[in-house]
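Assemble the complex: chain A is given as a structure, and chain B must be docked to it using the hints.
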Amino acid sequence: MAYAIDTTDQRRRRALRAITPLAALLVAALLIWQGSNAAFSATTDNTNDTWATGNLVLTNNGGGTVYAGSTAALFTESNRKPGDTGVKCITVNSGGSLAGNLRLYRGAITGTNGTALAGFINVTVDAVVATPATNVQADCVGYAGGTTGGTFSGTLNSMPTTYAAATGVAVAGGTQRIVYRIGWTINAAADNTVQSSSAIANLNWEIN
Amino acid sequence: MTTITEPIRSEIHVPEPYSRARLAAGILGRAWLWFLAACLVVTLIPIVFGWHSYVIVTGSMEPGISAGDVVLASPDPVIEETVGKVVTFENPSREGHILTHRVVSIEEDRSLVTKGDANPTPDSVHVPRESVTGLGRLLVQFVGLPVIWFLTGKWLLLLLHLVLLVGAVVATVLDYEPDNHGRRPWQRRIDQHQPADPKRLLSRSAPSITPILILAIAASFGFRGDGIPTSAAAFSAITANTGDSWTIPNWSYSTEINNLSPYLYWKLDETGTAGTAADASPNGRTGTYAPSGAATNFTRLNDGGLVTDTPDRAVQLLTTSSCIYTTSTTSIAAPQTFTIIAWFRAPTGYTGGGKMLGFERPQTGVSAPTAGAYDRHLYMDGQGRVWFGVYNGAHVGLSSGTGLNNNQWHMAVGTQSSAGMRLYIDGVQVGTNTNTVAETQNGWWRAGCGNLSGWGDQWGGANDPGIDSATSHNRPFMASLDEITVYSGAALTAQQVAFLYWAR
Chain A
284 MAYAIDTTDQ RRRRALRAIT PLAALLVAAL LIWQGSNAAF SATTDNTNDT
334 WATGNLVLTN NGGGTVYAGS TAALFTESNR KPGDTGVKCI TVNSGGSLAG
384 NLRLYRGAIT GTNGTALAGF INVTVDAVVA TPATNVQADC VGYAGGTTGG
434 TFSGTLNSMP TTYAAATGVA VAGGTQRIVY RIGWTINAAA DNTVQSSSAI
484 ANLNWEIN
Chain B
80 MTTITEPIRS EIHVPEPYSR ARLAAGILGR AWLWFLAACL VVTLIPIVFG
130 WHSYVIVTGS MEPGISAGDV VLASPDPVIE ETVGKVVTFE NPSREGHILT
180 HRVVSIEEDR SLVTKGDANP TPDSVHVPRE SVTGLGRLLV QFVGLPVIWF
230 LTGKWLLLLL HLVLLVGAVV ATVLDYEPDN HGRRPWQRRI DQHQPADPKR
280 LLSRSAPSIT PILILAIAAS FGFRGDGIPT SAAAFSAITA NTGDSWTIPN
330 WSYSTEINNL SPYLYWKLDE TGTAGTAADA SPNGRTGTYA PSGAATNFTR
380 LNDGGLVTDT PDRAVQLLTT SSCIYTTSTT SIAAPQTFTI IAWFRAPTGY
430 TGGGKMLGFE RPQTGVSAPT AGAYDRHLYM DGQGRVWFGV YNGAHVGLSS
480 GTGLNNNQWH MAVGTQSSAG MRLYIDGVQV GTNTNTVAET QNGWWRAGCG
530 NLSGWGDQWG GANDPGIDSA TSHNRPFMAS LDEITVYSGA ALTAQQVAFL
580 YWAR
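Residue numbers (the numbering used here), protein chains in the order written: chain A, 284 to 491; chain B, 80 to 583.
For reference, chain A alone in the conformation it holds in the complex (with noise of 0.2 Å):
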């Protein structure tokens, strides 16, 4: 009858076999502590400094040549009447590292009678996935591959104004540029009470 006599190496190995668990436990259980402490703390806007730099996402160039963010309205069209046409491009700018799904929706019309105006403002939106180095501005001399209305025909009115409703353009990772041309034509139907009206609108894109 053999008895199992332990050496001292022995026992340490087996202890340091039996407080790893332990340790990896511990360990996990840390990363958890600290990852759960950095995601859910109840704090507010505290990763938005790098985007307020400039390092945004999407941008466009409001029909010039600077992107930005937000860019000042490439229709300014007044003195309008009816049957007026006019059509305009601007060039969109993504920068997401992943792929996505662009859409341009509009945000709320406001204005004089603006609802009414809106409903006899006919638009036209079609848009062609360009090259890095695109630029095309509001002449949309460089545009070329679209079809007048492939992603939206309509009145400014019924034009979708949610990401959900819209029409979209896929977008592949890495810097993108998308040409959209919009056109419009004030219905030459118009009634006559939309004189003094003025029709005003933010016009978003969106990648999701």
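The set of hints was computed from the structure by calculation and includes no laboratory data.
For each residue, glycine too, the CB sits at the ideal point set by N, CA and C.
Please note that the accuracy of each hint is not assured.
[Said to hold, decoys possible] Straight line, CA to CA, 20 Å or less: simulated SDA-like cross-link-like pairs of lysine to any residue:
#1 Lys-371/A with Tyr-350/A
#2 Lys-164/B with Asn-320/A
#3 Lys-164/B with Val-192/B
#4 Lys-371/A with Thr-321/B
#5 Lys-364/A with Ala-573/B
#6 Lys-371/A with Ser-324/B
#7 Lys-164/B with Val-183/B
#8 Lys-364/A with Asp-505/B
#9 Lys-164/B with Gln-317/A
#10 Lys-364/A with Thr-572/B
[Claimed, not checked] Simulated coverage check for chain A against chain B, where a stretch passes if three residues somewhere in it have a Cβ under 8 Å from a Cβ of chain B:
#11 298-307
#12 443-452
#13 469-481
Same frame as chain A, now just chain B:
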């Protein structure tokens, strides 16, 4: 001493020096397995208590929450207390997708404004409170990475992960020290003479076997598909082009008429007994109310044809001699390209007809047709239809087709140019032909009366002037007139006419 100890010693196995590398690998393997198991247990156990676990698949909550982390959310949070906290909710923009974002504020309609920490702007669609599935409580980092690798097809990383896992198991198993007889645990079982001590076996095996068991259970749990669903902390970004506007001002009919440079423009806005019809164009070609501006000849109206160009006045012609003649006694050569505009209102059932606007010689009154000349006119026939006529050796006319004697203001526009003749009623073209020639004559423009001899072939009602051109027939328009306008040398386009009427 030696005789006693010798046989015993011979049975004692003197262990070989234990490999440090084997020990290190075994410790690391155990640590790795226990770590994984602990993380998995934490992600799975709360589900039993009704919590939700989500593997984050995108990075909009960086740096706090990264893709591959698992968020544990407690159900039914108090919505009012969620501002600033991270919630999980059904994405209102994408059905069936769970989103993990931070609550920025609560709207008046009690919906939540949410935002990814890494997103520059809040989510465009507000979250109805009933869509909130949980409040973020625990974050287990990295645990979901294999899921991400699987979803994104990063097979190499997935393979590396599996190799590490198997390696850890192998290293753990190999780190079982043989007992004093040089046997490893699995060898003890088959040793008849030295059955394994179950207690000791369990206590020695537990540190290695337990995590492996947990991993196996967790894996089966996960693979069943109802383990840990994914949640996007989706990157979303917004860019805006702000304040796009379309403005239609209050267009002034009078201003637009003048912008097109009329030859004369009698607005007929006079009041009282004024005897002169002002020319609203800069040309000063006034008219004269005949026989006078007295109330017996003209009623000054307050409700003219224009709607937005108010207040708009007009006149009603009361007698057969009421007329508005060009004041200047100097005759002019009639233009071959021209536009004439008259606004008129005839009582319902009015059958008198009459000339509203035309070019004529003599300046006042009517002469025998053989002595005078008259065409380029807008007139109403006995059925209330409006005609635009010129004389090129024959009577060339365009008709409105339907009676307009309905006590409403209407705008009649006649144009002639090299493109032919056009008649527009209320901004809409109702007649066209290819005639480009009118009578060559000298004379004056007049409104409200004049000769229509010979223009009666389709009159069809009372006061027919007949087709006998030898007889002079004054046909006064004993109704209301407004905004008498003549363009000489220009024919307004259909678009211009439509716009003028629209801007009325």
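Hint check:
1. Lys-371/A with Tyr-350/A: 16 Å, holds
2. Lys-164/B with Asn-320/A: 11 Å, holds
3. Lys-164/B with Val-192/B: Status holds; Cα separation ~12 Å.
4. Lys-371/A with Thr-321/B: 15 Å, holds
5. Lys-364/A with Ala-573/B: Judged against 20 Å, a Cα distance of about 14 Å means the pair holds.
6. Lys-371/A with Ser-324/B: 13 Å, holds
7. Lys-164/B with Val-183/B: Between Lys-164/B and Val-183/B the Cα gap is close to 8 Å, so the pair holds against 20 Å.
8. Lys-364/A with Asp-505/B: Since the Cα atoms of Lys-364/A and Asp-505/B sit roughly 17 Å apart, the hinted pair holds (cutoff 20 Å).
9. Lys-164/B with Gln-317/A: Holds - the C-alpha atoms of Gln-317/A and Lys-164/B are around 16 Å apart, at most 20 Å.
10. Lys-364/A with Thr-572/B: Within the cut-off at roughly 15 Å; holds.
11. 298-307: Answer holds; 7 residues pass the 8 Å Cβ test.
12. 443-452: Per the Cβ count (3), the hint holds.
13. 469-481: holds (count 9)
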